[in-house]
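Visitor: As you go down the protein sequences, you meet chains A and B in turn. When we follow the numbering used here, the leftmost residue of the first sequence carries the number 1, and every step to the right adds one. When we follow the numbering used here, the leftmost residue of the second sequence carries the number 1, and every step to the right adds one.
Among the hints, a few may not be true.
[What the hints assert, rightly or not] In silico BS3-like pairs for lysine-lysine, Cα to Cα no more than 30 Å straight-line: (1) B/56 <-> A/176; (2) B/169 <-> B/133; (3) B/56 <-> A/149; (4) B/133 <-> A/25; (5) B/133 <-> A/51; (6) B/66 <-> A/25; (7) B/56 <-> A/142; (8) A/137 <-> B/56; (9) A/142 <-> B/169; (10) B/169 <-> A/137; (11) B/66 <-> A/51.
The set of hints was computed from the structure by calculation and includes no laboratory data.
Here's the letter readout for the chains.
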Amino acid sequence: MLIPGLILALEASEGDRDLAIRLQKRDPHAMAVLYDRFGRVAYSVVLAVVKDAGIAEDLVQETFLRVWNRVNGFDAERGALGSWLLAVARNRAIDYVRSSGARMGRNSFELEEREHPAIFLDMEKSIFNSDQARKIKTALTKLNENQQKVIELAYYEGLSQSEMAERMGQPLGTVKTWVRTALKCLRDELGRAVSV
Amino acid sequence: MTCEELRGDYETWALGVIEEPERGELRAHLERGCELCVPGVRSAMEFVTTLSSAVKMVEPPARLRKRVISLVAPEKPAFPWSWLWAAAAAALLMVSGYLGSSRTQQSARSNQILEIMSDPASRQVAFGPNSPKPQGRVFVHSTKGVLLLVAHLPVLPADKTFEMWIIPKAGAPVPAGIFAAHPDNSANYLKPGPVDTSQLGAVAVSIENTGGVQHPTVDQIIFAAPIV
Ligand SMILES: [Zn+2]
Chain A
1 MLIPGLILAL
11 EASEGDRDLA
21 IRLQKRDPHA
31 MAVLYDRFGR
41 VAYSVVLAVV
51 KDAGIAEDLV
61 QETFLRVWNR
71 VNGFDAERGA
81 LGSWLLAVAR
91 NRAIDYVRSS
101 GARMGRNSFE
111 LEEREHPAIF
121 LDMEKSIFNS
131 DQARKIKTAL
141 TKLNENQQKV
151 IELAYYEGLS
161 QSEMAERMGQ
171 PLGTVKTWVR
181 TALKCLRDEL
191 GRAVSV
Chain B
1 MTCEELRGDY
11 ETWALGVIEE
21 PERGELRAHL
31 ERGCELCVPG
41 VRSAMEFVTT
51 LSSAVKMVEP
61 PARLRKRVIS
71 LVAPEKPAFP
81 WSWLWAAAAA
91 ALLMVSGYLG
101 SSRTQQSARS
111 NQILEIMSDP
121 ASRQVAFGPN
131 SPKPQGRVFV
141 HSTKGVLLLV
151 AHLPVLPADK
161 TFEMWIIPKA
171 GAPVPAGIFA
181 AHPDNSANYL
191 KPGPVDTSQL
201 GAVAVSIENT
211 GGVQHPTVDQ
221 IIFAAPIV
């Protein structure tokens, strides 16, 4: 079977590392490559949160600009460019729905710390593939209704656990338990899927 | 709080739902570079990022690409589109010369090329723009086919040819036809017909003996464009 090795070689030949270095050198062509690699998934993530194509376009543009402006703080050798970019994209989207929903309770400092380039080190690089998508979707179906709901509210709407408790009319402690068990269940399920 | 107590909060932090006092406690561990919590949140963030792959994939409008690229190169196109269109124009004139086709076939083929290039439903991938050679762009359209525009190809001996490969995410590379370079070492090659874009991993080109082969000679692959 020559293919897995071949694909690995292909990815290594034009991988995250080279692309990050080119971005750091302010090579405008690298921006095109970055977009071609992650534009679709970034747009899909942002659209899933904001549910408006025009706003999603603006936020994706902002995402790429942010990555371009901050890429010098990114470790090209160890960093996972795609994961970082997606975190920035999701944060832009969450920031938008929070501010438009008059939910100003949490500041953008918190978003900033979750998209600091130093977080995105030593990660698996090729996580965005149909195989991964299938595993995640399968894992999500194994959650019960409340667990699915809290993951959705967190992922797509950026609600805090207190906000979820209010929205769902449940005690905070109950919501916290749902969140923790849902996350643990997903991680266990993915771990199992990976090791099979 | 100890690292052990904070362990269960790595994921809630990564997901952005952590609350006080855990948030402040964990932040303190991260700020001092805690050797347990830092890798812990990295791993949790990696996990949260994988949740993105469950999102329904939607093709962004083609103009978004231009908008993003124009952010960093407002004066001129970030990718040498002028070259690309020149290559397409050259294809109008030159395709028949290589394929021995009639003028009508030539024009039909040129139209196919322009159609794939201009269709917003085509997925485009640039490859190699920073390496000396070769460089270009692949257009993939689910019904119209795979179009390769490439420059700076190596000069081949008479008994060799270029062969394109469609490489699925799983399974063996599928031969997608042989082609020759123009005198300026560029080429435009179209493999018409439907493509299962969801299963497409990469498009590659290798140097093979005249006539082509059924399996690529791995060390003769001159470039490959992963289709993300
Ligand atoms: Zn710690």
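Visitor: All hints, please: hold or fail.
Guide: Results of checking the hints against the structure:
{"no.": "1", "hint": "B/56 <-> A/176", "in the structure": "27 Å, holds"}
{"no.": "2", "hint": "B/169 <-> B/133", "in the structure": "25 Å, holds"}
{"no.": "3", "hint": "B/56 <-> A/149", "in the structure": "17 Å, holds"}
{"no.": "4", "hint": "B/133 <-> A/25", "in the structure": "19 Å, holds"}
{"no.": "5", "hint": "B/133 <-> A/51", "in the structure": "41 Å, violated"}
{"no.": "6", "hint": "B/66 <-> A/25", "in the structure": "21 Å, holds"}
{"no.": "7", "hint": "B/56 <-> A/142", "in the structure": "18 Å, holds"}
{"no.": "8", "hint": "A/137 <-> B/56", "in the structure": "10 Å, holds"}
{"no.": "9", "hint": "A/142 <-> B/169", "in the structure": "27 Å, holds"}
{"no.": "10", "hint": "B/169 <-> A/137", "in the structure": "19 Å, holds"}
{"no.": "11", "hint": "B/66 <-> A/51", "in the structure": "22 Å, holds"}
Hint check: a violation occurs at hint 5 only; the rest are consistent with the structure.
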